[in-house]
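There are 2 protein chains.
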Amino acid sequence: MTFEEKLQEYAKVAIKIGVRLRKGQKLQISCPIECVEFGRVLAKQGYDAGASDVIMDFHDEVSNLIRYENAPDSAFETYPNYNVVKSNELLDEDVAFIAIAATNPELLKSVDVKRISTWNKVSSTAMSRRRNALMKNENKWLVVTAPTKVIAKKIFPNATDDEAVKLQWDAIFKAVRVDNGDGVANWEQHIQNLKKYVNFLNDNKFKTLHYTTKDGATDLTIELPKEHIWAGGGDTTTKDEYFCANLPTEEVYTMPHKNKVNGIVKNSKPFNYNGNLIDGFTLTFKDGKIVDFTADTGYDVLKEMLTMDDGASYLGEVALVPNDSPISNSNLTYFNTLFDENASCHLAFGKAYPTNLINGSSMTDKQLEEKGANMSLIHEDFMIGSPDLDILGTTYDGKEIQIFKNGNFTF
Amino acid sequence: MTFEEKLQEYAKVAIKIGVRLRKGQKLQISCPIECVEFGRVLAKQGYDAGASDVIMDFHDEVSNLIRYENAPDSAFETYPNYNVVKSNELLDEDVAFIAIAATNPELLKSVDVKRISTWNKVSSTAMSRRRNALMKNENKWLVVTAPTKVIAKKIFPNATDDEAVKLQWDAIFKAVRVDNGDGVANWEQHIQNLKKYVNFLNDNKFKTLHYTTKDGATDLTIELPKEHIWAGGGDTTTKDEYFCANLPTEEVYTMPHKNKVNGIVKNSKPFNYNGNLIDGFTLTFKDGKIVDFTADTGYDVLKEMLTMDDGASYLGEVALVPNDSPISNSNLTYFNTLFDENASCHLAFGKAYPTNLINGSSMTDKQLEEKGANMSLIHEDFMIGSPDLDILGTTYDGKEIQIFKNGNFTF
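Chain order of the listed sequences is A and B. In our numbering, each number is its position in the first sequence, counted from 1, plus 2. In our numbering, each number is its position in the second sequence, counted from 1, plus 2.
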C-alpha cells in the first residue's frame, strides 16, 4: 500500500470505526496546524460518509507557549464564555468529535507551573459539561494522532526531520492496523479479540487486583466497586450507538473504588501532562489517596496536578494492556498518552468513567461517588506496565486468579 | 536590516499604528494557517505592547474548499450561532481585531457560484452587527497580509516557490514602509502626507467627480452627498482612539450618493472576491444602480454578487490613490484587494462607511440612507485607476478643479 492509501485508510477507520459517523451527523475536528494534511483527509472522509458539515478547529501550540510566556496573570484566570457556548451547542447538536492529539511533551517545561495549573483548572471547570458528557458517552468522540516534527524527532532522535516524520507515520499506520489490507475489517476483528478479555474479566467479578513487580517498586492493591464493569474495544453511547474513542486501543479498563487503593506504584513510561513531561515517579496510596510521591522529572508539575482538586490525588481508571501489544512490541516511547497507554497497563489520576458502573451513565454525581467512583476536573492516564509486572486477581467469591504474569495476560 | 528585523518592525507597525493597541486591551488575530509565523510575531508584539490576552483564530482555505466541494447544500444555509456569540462578546469587550488576508484568488473557481453566494449571504447576514460596528469604527480593526506560496507564485510566476515567497515579503516590507529605518516614524510621516490630501478635498466641498479615460472605456459621474467627509491615513473610533485599518494604505476616500452615479466604468486590475477572480469587467450605472455589466472572467460570480441584495448593485465608496504610489510603482498585481486597492483609484460595491458622513456613526440606517449612504451585506472594493485616468471635480459652488490628471493628483 502506498503512503496515500494508508493515510486514506487511517482516516476511513477513524470515521467508520472511531466515531462511526452517522449519515447526516455533524463532525468537529480539533487539529494542530501542523497536522492539517491529516485533518483535511479526515474531513473529506467525513463528507464521504455523509457528514452534514465538518467544523475544523485549528490550534497552534507555539502560540499557546507565546501566551504562557507573555500574557499577564489575569489572562489565565477566566475562560472565554464563547468557547463554552460553542461546546454546548455542539453537544446539543450531537456532533461527533475527533481530536488529533500531538502535543510536544516538553513545550511548557520552562513555564511557571502555577500559571499552567491555574489555566488547567479554570478551563477544566468551564468545560465540565463537555467532560462529563463525553465520559458518560453521551456523544461520540475519538482521539487520534499524527506526526509533528518535534515529536517525531523525540521518538527517532537519530533520523533527519523528514525521515523521523516518515518513521512516525509508519509506526502509526502499524498501530492503527491500516498497513495491511482492509483497515475497517482489521478493526472489526481486533474489537472481537478485546471483547474476549472484557467478557472474561466481567464474568469473574474481581474484587481486588494485586500489582507486583519483581524489584518491589510496585506493590499495589486495588479494590473494584461491586458493580464495576470492564470495557474495551469500543463503547456504546447513551443513544445506543457504537463508537471507539481511541485509535489505537489495546486496553480493557474499569474503575477502582476511589477509597480502596493501597500500596505503592512506580511509573514505567514518561507521562506527558499538557506539554510537561513527568517521569521516574512513585505514588504511595492509603485508602485511595496519594499520601506521598516522588518524581525524577516534573515533580512540581505533578504536585500542582495532584492538588488541583480533591479527586486529583485519587484514581479513576484501571486498565490492562498486554506487554506484547503491537505498540509495545515496537519498543518505542511515543511521548503521547494515546500511544503509550496502549502499550502498557495504566491507571488514571482523577475522574472515573461513569460507564464503568452498572447504570452509571444515568446516575447523579452523588450516586456515583456512593458506589466508589472518583470525581475530579482531571482524567490523566499514566503508564505502569512492564515485562515483570504480575497481577493477581481475587474474585468476590474469594477465588484467586493470576490475571497477568510477566507483563501479559495469562489466558 | 535583516529579514527578521523587518518582520518584527512590520508587526510593530501593525500593533502601534494599525490597531494602536491600548495597554490592557485584548487582541484577536485571524490567521490563515500558512501565515502562522507572522501571526505568532504579531501576538508577541501584542503582548509586548500590553495586550491583556491574544486570541489566535486559525483558518485553512483548503479545508474551506473541501467543504464547498463536499458538504451538502444544507451546510451553507445556516450559520453557526456560536460564531455570532463569539463575535458579539469580542465586540463588547472592545477587542482590537487583526485579520491577515491572504486568499488564493482562484481557490473557488470550480465551485458552484450559487453555493458560494448562499454562504456569503447567510454569513454576512449573521455577522451584520460586526460589519456595522467595524464600518462605524466602534472597534479598532486592521487588515494586513503575509505571503502564501500560491499567491507568491501568482505574483512571481517565474520564481521558485521559496524565491517567490521571499520576493513577496520584500514587496510587502516595502509597501508597509518597514524596509528602511523606523517603521513607526515612517508611518507618522506618511499619515501626515495623506492628511494633506484629505484636507484639500474636504476644504473644496466637491459635488461631483467626473472620471474619464482617453480610450473612452470609463466615463462616469459620481455625485457626493452634501455632508460627505473624505477620510484617509487612519480613523478615529467612536471612543476617540486613533487607528489605521489597512496596512498599507495610500487612499483617501468618501462615499458617493447612492442614487447619483451615472455612466460607465471599466476595471483596471483583477478583483479577488472571496477566492474567485473577476476581471475585464465594465459596469453601467443609471441613477446609482448598475443596470448593465460585462466581464471577461468571473461573469457568473459577479452576477451573483450584484444580486445578493438591493444595495449590492450600488456604490458605497469612492477612493483616490495616485498612480505613482509605492505599491503601484512596483508594477505588480497582487491579487489581493488590500494591496491592489492601494495601488489604484477604486470604488466599492455595497455598503458605505457611515464615518464618511458628518455625524454618520451616530445615525440610524434610515437616516444614513436619507443622506445618500448605501446599505448592503457586502462592501467590496474594485480597482479602476490607470495611468490615463482623469478626474474633474466640480464644487458645490460650481467651481471646476482638475483633481487627477494622467492617473495622479494634480496638486
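Think of the hints as simulated: they come from the structure by calculation, not from any bench. Please note that the accuracy of each hint is not assured.
Copies of the same chain are indistinguishable here, so a pair counts whether it falls within one copy or spans any two.
[Unchecked claim] Straight-line Cα separation of at most 30 Å, DSBU-like style, residue types lysine-lysine; simulated pairs:
#, residue 1, residue 2
1, K228, K207
2, K241, K291
3, K25, K123
4, K111, K46
5, K25, K88
6, K228, K8
7, K14, K111
8, K216, K14
9, K228, K156
Okay, the hints, checked on the actual structure:
1. K228 x K207: within (8 Å within a copy, 87 Å between copies)
2. K241 x K291: Classified as neither; 35 Å inside a copy, 55 Å across copies.
3. K25 x K123: Between copies only: 27 Å across, 36 Å inside.
4. K111 x K46: This pair counts as between: shortest inter-copy Cα distance 19 Å, intra-copy 36 Å.
5. K25 x K88: both (22 Å within a copy, 29 Å between copies)
6. K228 x K8: For K228 and K8, the Cα distance exceeds 30 Å both inside one copy (43 Å) and across copies (67 Å).
7. K14 x K111: between (36 Å within a copy, 28 Å between copies)
8. K216 x K14: neither (43 Å within a copy, 61 Å between copies)
9. K228 x K156: neither (42 Å within a copy, 68 Å between copies)
Hints 2, 6, 8, 9 from the list above are not met by this structure, while the remaining hints are.
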